[in-house]
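For reference, the chains in residue letters:
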Amino acid sequence: DSGVTQTPKHLITATGQRVTLRCSPRSGDLSVYWYQQSLDQGLQFLIQYYNGEERAKGNILERFSAQQFPDLHSELNLSSLELGDSALYFCASSVRQMNTGELFFGEGSRLTVL
Amino acid sequence: QQPVQSPQAVILREGEDAVINCSSSKALYSVHWYRQKHGEAPVFLMILLKGGEQMRHEKISASFNEKKQQSSLYLTASQLSYSGTYFCGTEFGGAQKLVFGQGTRLTINP
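Chains as they are written, first to last, in our numbering: chain A, 299 to 412; chain B, -3 to 106.
Hints listed in this document are in silico derivations from the structure and should not be mistaken for laboratory results. What you are looking at is a predicted structure, and each value in this text was computed from that prediction instead of being measured. You may find that some hints are simply not true.
[Said to hold, decoys possible] Computed beta-carbon distance windows for the label pairs: (1) A:Thr410 <-> B:Leu8: 45 to 51 Å; (2) A:Arg361 <-> B:Glu12: 42 to 48 Å; (3) B:Glu10 <-> A:Lys307: 42 to 48 Å; (4) A:Thr410 <-> B:Ser59: 38 to 44 Å; (5) B:Lys55 <-> A:Gly326: 44 to 50 Å; (6) B:Lys55 <-> A:Glu352: 35 to 41 Å; (7) B:Glu62 <-> A:Pro306: 19 to 25 Å; (8) B:Gln50 <-> A:Ser384: 26 to 32 Å; (9) A:Asp369 <-> B:Gln(-3): 29 to 35 Å.
Glycine included, each C-beta is placed from N, C-alpha and C at the ideal position.
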């Protein structure tokens, strides 16, 4: 158990819909990272937050947005869903601010878009 | 910006050795290695910093060649538990994001 909690574990929805994935980082970790992993694919970096502020952005689609709240949990919002958005979405946390230290990954949220 | 890993897949017999390479076209600040077993989350193995020493995790070690912007992961006397997909992640100074390669799938047979 990494200490990072992601909900929901599984989500099935239809094209055009909107979903929210939630992540609670390890106690004491201020950085949250979001990654997308499609079937048999690598880990695509989406976005990183530190203590409520966006710190780095990857190839995140405009239909996707995220935020980190004062209690440090983070949410990833995916809208106007397409079939290609089906993937495993991982959240990871780290205690570091500058230069990524060890990342602790949650178990992921598996999104299926039909 | 995504690092390139090679090979894409390796099949070994238990006890054999393997090397996984990770290359970048940009100057690196650090290289991170993670292992992901099927159906599970990635798990941290080690970080190699620019100018740092070679690192070890059990019988797995790694090196970082700053001149070549390349890291290599060495798996010695492989065990069945080493099976999984290995990802290298690269970081550029101040970028604060860890970008992973496509992964190397390692299969260890008895």
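Here's how the hints hold up against the structure:
{"no.": "1", "hint": "A:Thr410 <-> B:Leu8: 45 to 51 Å", "result": "violated, 34 Å"}
{"no.": "2", "hint": "A:Arg361 <-> B:Glu12: 42 to 48 Å", "result": "holds, 45 Å"}
{"no.": "3", "hint": "B:Glu10 <-> A:Lys307: 42 to 48 Å", "result": "violated, 33 Å"}
{"no.": "4", "hint": "A:Thr410 <-> B:Ser59: 38 to 44 Å", "result": "holds, 40 Å"}
{"no.": "5", "hint": "B:Lys55 <-> A:Gly326: 44 to 50 Å", "result": "violated, 31 Å"}
{"no.": "6", "hint": "B:Lys55 <-> A:Glu352: 35 to 41 Å", "result": "holds, 40 Å"}
{"no.": "7", "hint": "B:Glu62 <-> A:Pro306: 19 to 25 Å", "result": "violated, 43 Å"}
{"no.": "8", "hint": "B:Gln50 <-> A:Ser384: 26 to 32 Å", "result": "violated, 40 Å"}
{"no.": "9", "hint": "A:Asp369 <-> B:Gln(-3): 29 to 35 Å", "result": "holds, 32 Å"}
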